[in-house]
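In order, the protein sequence lines correspond to chains G and F. Position one of the first sequence corresponds to residue 4 (the numbering used here), numbered consecutively onward. Position one of the second sequence corresponds to residue 1249 (the numbering used here), numbered consecutively onward.
Read the hints as simulated data drawn from the structure, not as lab findings. One or more of the hints may lead you astray.
Claimed, not checked - Just some of the chain G residues that point at chain F, by a computed CB distance under 10 angstroms:
#	residue
1	Val33
2	Leu50
3	Ala61
4	Ala64
5	Arg77
6	Ile166
7	Thr169
Glycine included, C-beta positions come from ideal geometry on N, C-alpha and C.
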Amino acid sequence: MTAPECGRMSLVDLSDYAAGDLPEAEAAAVEEHLFACTDCARRAAELDALVRGIRSAARSAEVGGFVTDDILNRLARDGVRVRTFTLLPGAIVPCAVWDDDDVMALRLRGDFGDASEITLSQRVAGAEVVRATGQIAPSPNGEVIHAVPAGWIRQLPVVDVEILLTTPESGGEREIGRYTLAHGGTMHR
Amino acid sequence: MPDARASSLDAVTDEALARAIAAGAAGSTDAEEAELYRRFAPRVRLYGRRHLHDGASADDLAQDVLLRTIERLRAGEVRRPEEIGSFILGTSRMMAHGERRVARRRDALAARFMDRSMETPPPSAAALDAPRVAECLHALPERDRLVVLLTFYADREAPRIAEDLRVKPGAVRAIRHRAMTRLRDCVLGGARP
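Okay, chain G solo, but in the shape it has when bound (with noise of 0.2 angstroms):
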């Protein structure tokens, strides 16, 4: 007959464990448990390896997406090279990412009002090739920052790459900014 398997933990109560969000008396149980059970230690090699995989997926540079100033900070730290751009609304900027940039950063600024929900659309060549949505808060200079990864750019011929930053308003869409990116190709040094 086979013991039942303890259900005491689960990844989820594990994660809260991890990211420091248990109380001291409860993460100090946390530990007195975890360090004699086996079924729960599975759990715990199960999110260990998840959260290693997410370090290095994020230090990859392939994840892209919506990110603040402490994930550039980490990224930079762990020797990420991130090339930044910053964008007023309506801006042309000459664009281009040298053969080693790992990640580009947008700061796309503009007047976000009271918007919760952001949707970031990229066009090339009049092709949406990136749309993404998200209750994202801008910082408090007023711009929220995207990654892309530099090797997406490098792979672009000399083109425009436009980006539409919308919030959904009255039943509609408000435009926050319109941004152009003069992509002038792969720079060598």
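On the provided structure of chain G, position chain F as indicated by the hints.
Here is chain F on its own, set in the frame of chain G:
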């Protein structure tokens, strides 16, 4: 180096592993040491994440704690091998407090007691396919992905994340729960992103 014996160690209890390492001559229990590492390193890393707030330091802590444990087993200084889990937790607590001493000691202990190849965590703990994880992360809703990355990559705690995202700390926790479950299903369960 771990050898074919490693696969037969799955069913061995933690106590038996500890006793085998304690009784074995140096160099004769590599498989048992690797198995002990495989079992406990993930738990020590989570402990390190919780207390050191830094993934890289947590990696170092796991290595140091397990090296110290093997050293103490070999020296006959673990009085109750049946409570090896408690011993490792106690060692984790002690070494997390003395984090600064760790780097110096690691090299000395590794040179004395352990095959250098064990410094690389075993595949089960280290080798989730990064492109697959990236694909699954990318498939998460934007805010969910941001919470996961801020928590487990940028090492930010819930109150700080809540401030940045303009939500309550409780909401950060709820978002993280949902995101981690989806990510686990996608990465480990093979679900389509």
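So, going through the hints one by one against the coordinates:
no. : hint   : verdict
1   : Val33  : holds (9 angstroms)
2   : Leu50  : holds (7 angstroms)
3   : Ala61  : holds (4 angstroms)
4   : Ala64  : holds (9 angstroms)
5   : Arg77  : holds (5 angstroms)
6   : Ile166 : violated (15 angstroms)
7   : Thr169 : violated (14 angstroms)
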